[in-house]
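Engineer: Build out the structure end to end from the sequences listed, making use of the hints.
If you're matching positions, the sequence shown starts at 269 in the working numbering and goes up one per residue.
Hints in this document: simulated from the structure, not taken from any laboratory.
Keep in mind that the hints are not guaranteed to be accurate.
To be verified - No more than 20 Å apart at the CA atoms, straight line, and that leaves these computed lysine-lysine pairs for PhoX-like:
1) LYS273 to LYS584
2) LYS888 to LYS800
3) LYS584 to LYS650
4) LYS650 to LYS598
5) LYS503 to LYS491
6) LYS598 to LYS584
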Amino acid sequence: MSLEKCTTLQTEHIQRLAQTLAKRELLAIGELEPIADFEELYTFAEADPTPIEFTPQYPAWRLESVAARIIEAVAIAAHEPLTALGYRELARILLEHTEYLYTYPDGEPRPRLEAGSALALAGCVCASLPQSELWRLAGFGRISAVLAEIAPAPTDSHLTLPIDVAFSLANEQNLPILASAVTTYKVVLKRNFTPQNQYNLPFSDNDFFDALNLDYPGMEAVKSACLAEDIPAAKSAYTAFRREFLNSQVEQKSFPLTERSDTYSTAKTYLECLLRLSIHPTPAITATTEMGIAAHLLPEFRGSEHLRMLSLRRYKWIVDAFFDSDGFHKDRTLRAQVEAIADFVRFLSVYGEPTESDRYLADGEPAERACYFEEIQTSLDKQVETCIRMRQPDCSFPPLGPLPTPNFDAVELCTMVDSDFRREDFPHSDITSHALPETGCYVMRDSWAPDAQYLFFDAHPSGKPSNVDTSTFVLYAHGRQLATGSVGVLDMPLSASDRIDTQWTTTPAFDCVEKWHQTTNVHHKRAIFYPKGEYFILHDLVLGDAAHTLEQIFRLGQKVAPRIISDTGDIRTQDPRQSNLFIGAVETTDLSVRLDADRVIYRWYRESPTVMNTLLFPMKPEVKKYPTLSAIEVRTDPDVLGTGFTLQLPNATDTFLISDDGLAEMSAVGIRFVGEYLFLRRDASGSAVRFVMLNGRFLEVDGNVLADLDEACESYEGMEE
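Structural biologist: Next comes the structure, spelled out in structure tokens:
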């Protein structure tokens, strides 16, 4: 990590700390005994540079590991004489590790306690540096937050000794210690301790003005009043400064932001909140946003630039830690996604234009900081784009956890990002379908029109550990939501670890998604095929060592009364004024269909392997004819599980051949196919007019070779121009 690029620390700070360490005048740290020597610590630091972002997945960069190296560095400084170069390198290592712990306090209570004690200790050792005040405040604050919960035993010196040394060292140098930390320290560890200097929140008037940079431009009257010890005059002058600053410098004015910081009293409270957030920045995204905004709006605070950089570094971590690469929040809820978008928008709106404070403090943002903002903006754009692509044809969102507010939709989301946004401003990409592979959600649609066909497939539905639903879907077509559905194998409870990779294929004319779940005894595959603008085929395979029940549940839209044809397994809705839905099963042997309130339940109980193919056929209001499904015989090798069926439409017949054993040679009447999935359309005269092969290599229809490839192709379409 480059301290100069990622923090407010500069080369002179490293040199200043090195000189302090070389003097070896800090008596209290002598109680710490080093386990390793400087050479070992330096070798580690050279081989494993301190990362810019929080990386707890690596043991060396967990809170407790970083804390241990800080304590080790302080102990080395106390006991091992070094060269001038050695002290500079030791100072650099100590500062890099301290900044890491200060920026990322997130973890379990015990590691947080270790990190807090190391941070407080470092803040006392580095007392000659301006950043140390914030480090001490955060370190002692984090000790206060978790010490009672951990309650170390008297014999647990690994935890208690660094805490004792930090408190002693602060007293030795007359450094302020957070009042709440003193109380907790005395009560929990039963120490007889009297602080020489106590840090209190809320601030007194004098403490507040001590926290400000009175040389900041525009603060001349405040400084004069403070030097004259005229606190009422200082308050009045400061209120005048705040109002002038907010009126002239804050480009993106917001009533809540300016109102809570435009007078002495509101700015004092605002600064106190900022400091508390710097101790405990939770919840991560919102707290980091508030901290960054407050630091930006209080440039006269002596630590504002340091907290601005802290916010930027945390945002860089947030982008990776809280969002999948597909742009959706790892919580997998729309509420979390939208709340994050709101925070990103607020953060960037305040930092959108440089203020006088930027020029005064930084003399222009370094290129690295500009890259931070660019990365945040890129992440925001992806988050918004993901939501836009997920939206249903009426601009509502599919069910993916709770919404931030009732009836929240994509229009409201985009208005939140751009107040001038209108419904007609939605971007309409040529690519209508969309995959969120890491989130496990897939959208199939034929167009961006309000009457489009749309299916949202959630391959990783959230639920309790005993949840048996391996996937869910939402079908919206021709003006309204027609159904939601779920599928699962009964007596097959699932967990996230049971999921296997999902495969996704999309073309301008055809979509296909396939995903597997497995437990010790059962494998379940669901695939969905979508000839765009027409219908959806649900293909399920169950493999196991016994008979199992596959259950599909369809929840029809409100005020939709289905008509069930039990002997064929068909479900038909009949509304003369709105779109309707036909659901049909290819194989009805061992199939039971029943209606339970607004749910239609399909169940098949069979010996393994079980293959089921189900049709979802959306119908516009004027369409009255229903398709006909028929199973066909498929000839293939004995060790290949192949199935096939036809779908009779008014003016065409569609044929599907499916191998559940990957690429295989299959044949049916008039068809020879080498591949995994085949969709073939014949017109009313029986002539082949269109086909789609997935993982296919060869196709012959009625003696005519339509495709003969050198190797299998992920997707291949032909004919019908």
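Engineer: Hints first: check each against the structure and report whether it holds.
Structural biologist: The hints, checked one at a time:
1. LYS273 to LYS584: Cα-Cα ~14 Å, so holds.
2. LYS888 to LYS800: Given pair LYS888, LYS800 holds - Cα atoms ~15 Å apart, limit 20 Å.
3. LYS584 to LYS650: holds, 15 Å
4. LYS650 to LYS598: Holds, at about 14 Å.
5. LYS503 to LYS491: Holds - the C-alpha atoms of LYS491 and LYS503 are around 11 Å apart, at most 20 Å.
6. LYS598 to LYS584: holds, 16 Å
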